[in-house]
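A.B. asks: Chain by chain, the residues:
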Amino acid sequence: MNISNIKKLKYAEFFTKSGEKTLFILKVFTQAFEFIGDIIVSLKRVLTGKSYFRWKDFNFLVQRCGVETFLLVSLISLLVGMILAFVASIQLRMFGAQIYISDIVGIAMVRVLSAVMTGIIVSGRIGASFAAELAMMQTNEEIDALKTLGVSPVEFLVIPRVLALFLMMPILTIYADLMGVLGGFLISIWMMHLNPIEYIYHTSSAVKVSYVWIGLIHSLFFGLIIAVAGCFSGIRCQRDAAGVGRATTQAVVVAITGIVIATAIITFICNILKV
Amino acid sequence: MSQTAQPVIEIKDLNLGYGDIEIMQGLNFTVNKGDVFIVMGVSGCGKSTLFKSMIGLKAPAKGKILYEGKSFWEQDQKEQQNMMKSFGILYQSGALWSSMSVGENVALPLQLYSKLSSQEIQQKVAEKLKQVDMEGQEQALPSQLSGGMRKRASLARAIVLDPTIIFFDEPSAGLDPINSRKLDDLVLELRDSLGATIITISHELPSILTIGNNSVFLDMETKTMIATGDPKILLKKSKDPRVIQFLTRGKTEK
Numbered sequence: 003m004n005i006s007n008i009k010k011l012k013y014a015e016f017f018t019k020s021g022e023k024t025l026f027i028l029k030v031f032t033q034a035f036e037f038i039g040d041i042i043v044s045l046k047r048v049l050t051g052k053s054y055f056r057w058k059d060f061n062f063l064v065q066r067c068g069v070e071t072f073l074l075v076s077l078i079s080l081l082v083g084m085i086l087a088f089v090a091s092i093q094l095r096m097f098g099a100q101i102y103i104s105d106i107v108g109i110a111m112v113r114v115l116s117a118v119m120t121g122i123i124v125s126g127r128i129g130a131s132f133a134a135e136l137a138m139m140q141t142n143e144e145i146d147a148l149k150t151l152g153v154s155p156v157e158f159l160v161i162p163r164v165l166a167l168f169l170m171m172p173i174l175t176i177y178a179d180l181m182g183v184l185g186g187f188l189i190s191i192w193m194m195h196l197n198p199i200e201y202i203y204h205t206s207s208a209v210k211v212s213y214v215w216i217g218l219i220h221s222l223f224f225g226l227i228i229a230v231a232g233c234f235s236g237i238r239c240q241r242d243a244a245g246v247g248r249a250t251t252q253a254v255v256v257a258i259t260g261i262v263i264a265t266a267i268i269t270f271i272c273n274i275l276k277v
Numbered sequence: 004m005s006q007t008a009q010p011v012i013e014i015k016d017l018n019l020g021y022g023d024i025e026i027m028q029g030l031n032f033t034v035n036k037g038d039v040f041i042v043m044g045v046s047g048c049g050k051s052t053l054f055k056s057m058i059g060l061k062a063p064a065k066g067k068i069l070y071e072g073k074s075f076w077e078q079d080q081k082e083q084q085n086m087m088k089s090f091g092i093l094y095q096s097g098a099l100w101s102s103m104s105v106g107e108n109v110a111l112p113l114q115l116y117s118k119l120s121s122q123e124i125q126q127k128v129a130e131k132l133k134q135v136d137m138e139g140q141e142q143a144l145p146s147q148l149s150g151g152m153r154k155r156a157s158l159a160r161a162i163v164l165d166p167t168i169i170f171f172d173e174p175s176a177g178l179d180p181i182n183s184r185k186l187d188d189l190v191l192e193l194r195d196s197l198g199a200t201i202i203t204i205s206h207e208l209p210s211i212l213t214i215g216n217n218s219v220f221l222d223m224e225t226k227t228m229i230a231t232g233d234p235k236i237l238l239k240k241s242k243d244p245r246v247i248q249f250l251t252r253g254k255t256e257k
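If you read the protein sequences in the order shown, they are chains A and B.
Everything in the first sequence is counted per my numbering, starting at 3 for the first residue and increasing by one.
Everything in the second sequence is counted per my numbering, starting at 4 for the first residue and increasing by one.
I should point out that these hints are in silico values taken from the structure, not numbers from a laboratory.
A couple of the hints might just be wrong.
Think about it this way: if two alpha-carbon atoms lie no more than 30 angstroms apart in a straight line, the pair counts; the simulated DSS-like pairs of lysine-lysine are [to be verified]:
#1 Lys-61(B) to Lys-29(A)
#2 Lys-58(A) to Lys-133(B)
#3 Lys-235(B) to Lys-149(A)
#4 Lys-73(B) to Lys-185(B)
#5 Lys-52(A) to Lys-65(B)
#6 Lys-185(B) to Lys-133(B)
#7 Lys-23(A) to Lys-55(B)
#8 Lys-46(A) to Lys-36(B)
#9 Lys-149(A) to Lys-185(B)
#10 Lys-127(B) to Lys-29(A)
#11 Lys-81(B) to Lys-52(A)
#12 Lys-149(A) to Lys-65(B)
#13 Lys-15(B) to Lys-36(B)
#14 Lys-235(B) to Lys-185(B)
#15 Lys-36(B) to Lys-19(A)
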């Protein structure tokens, strides 16, 4: 075989592999959209009482979403608030405007950072565990057992998880707002020696109610993204030990990427709407 | 047994595959009422794929699976679900739902498909657990059970709706000989008490020869069935070396 033939073969191989990869990605996207469609249909059935809904599982999931992330959300939000206060103080100190640390910390945390940080924590903690659980259920034929009983796995397993995160994400985000603002407050009082009353007054006047709503809208979208990514990765897992690992990793990667993209879109829309 | 020879399941010109990959072709066999029908063959020959097609998890590439004359894969989803209510399935791993207790696992089919009160459901659950020798284990979680207990609990779930056809996917896999024997006895007891037809995938020779009265042998090389009939008769009379090798664990060659 001459060199030009070898080159032609390499090109052919490259195009074949690229084509296969593209088709695979298209297939995954199609499956993901089908899955989302299935969730919408199932949600309607659950909300209209046409399908079996285990409140016990739902209550347990809601508790788990809160309990398992509570400490991490507290710590990370407090530290992010502190870091923001430190970084802001570097510039503001030069103009003697340290009091505006409260504005920066308050607005940044409430509008976007609390929701993003909570989203990242929840995707690592809860999204990954959703994926691992469902992947193990797939491996252990538990999902097959549901299907052959005539129970939709989406109605039985996915909807409670989506609803639990949809409910808990805003609550966790509000809590993260408070912790973030507290972090900024502690640094400003102890290290910048600002007046606590003045700090609280500045925060309350800088943070508008609309910012809280923007943060909550972020959190609702993040809740959906994390739950859907976790459940989708888990349910379509291949039936081996490596499959469970891949599903978990995929759930976290997709959720975090989704969170960043959703943040960019919401921020862009808010900018257009001037809120 | 098949004295009346009333066909319950008929497999007609069935081809199985995944995408373009063909696993099995030209399967034709009949399972009669009361049979303990064994699906045999070496690992990877397509037994599990056939099993999935029969229990409604995977559509065949071609051909028909008829349950009492009704072609399963030609029905709409609702009718398929109705037909599946007459199936009891014991999966290889047991497949008990891990977030539920044993009692909840067994009760779920009743909650979905019966009009029994919660008290009646509890009674029925206790009765079925007793039948599989798992009395008083309602509150136990699947993770707290041994392999054999998990299979028995799963069997209680499979039979709670009094199915007419019970599928077993390698019921003895991972069990010691004593528990394996107990499960075989239970299979026969269920066949007699429920009047059910049993279809089981099995590798366990003692089990195949003890409980089976009809069978099909799938061959990986030719991708089709190469023998059908009572495994005990196949052992004595089959002239196919692949069947004999399997049924004698490769010790004898005809």
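A.B. asks: Against this structure, judge whether each hint is valid.
C.D. replies: Hint check results:
{"no.": "1", "hint": "Lys-61(B) to Lys-29(A)", "verdict": "holds, 19 angstroms"}
{"no.": "2", "hint": "Lys-58(A) to Lys-133(B)", "verdict": "holds, 26 angstroms"}
{"no.": "3", "hint": "Lys-235(B) to Lys-149(A)", "verdict": "violated, 35 angstroms"}
{"no.": "4", "hint": "Lys-73(B) to Lys-185(B)", "verdict": "violated, 34 angstroms"}
{"no.": "5", "hint": "Lys-52(A) to Lys-65(B)", "verdict": "violated, 34 angstroms"}
{"no.": "6", "hint": "Lys-185(B) to Lys-133(B)", "verdict": "holds, 14 angstroms"}
{"no.": "7", "hint": "Lys-23(A) to Lys-55(B)", "verdict": "holds, 29 angstroms"}
{"no.": "8", "hint": "Lys-46(A) to Lys-36(B)", "verdict": "violated, 41 angstroms"}
{"no.": "9", "hint": "Lys-149(A) to Lys-185(B)", "verdict": "holds, 29 angstroms"}
{"no.": "10", "hint": "Lys-127(B) to Lys-29(A)", "verdict": "violated, 45 angstroms"}
{"no.": "11", "hint": "Lys-81(B) to Lys-52(A)", "verdict": "holds, 14 angstroms"}
{"no.": "12", "hint": "Lys-149(A) to Lys-65(B)", "verdict": "holds, 22 angstroms"}
{"no.": "13", "hint": "Lys-15(B) to Lys-36(B)", "verdict": "holds, 17 angstroms"}
{"no.": "14", "hint": "Lys-235(B) to Lys-185(B)", "verdict": "holds, 20 angstroms"}
{"no.": "15", "hint": "Lys-36(B) to Lys-19(A)", "verdict": "violated, 51 angstroms"}
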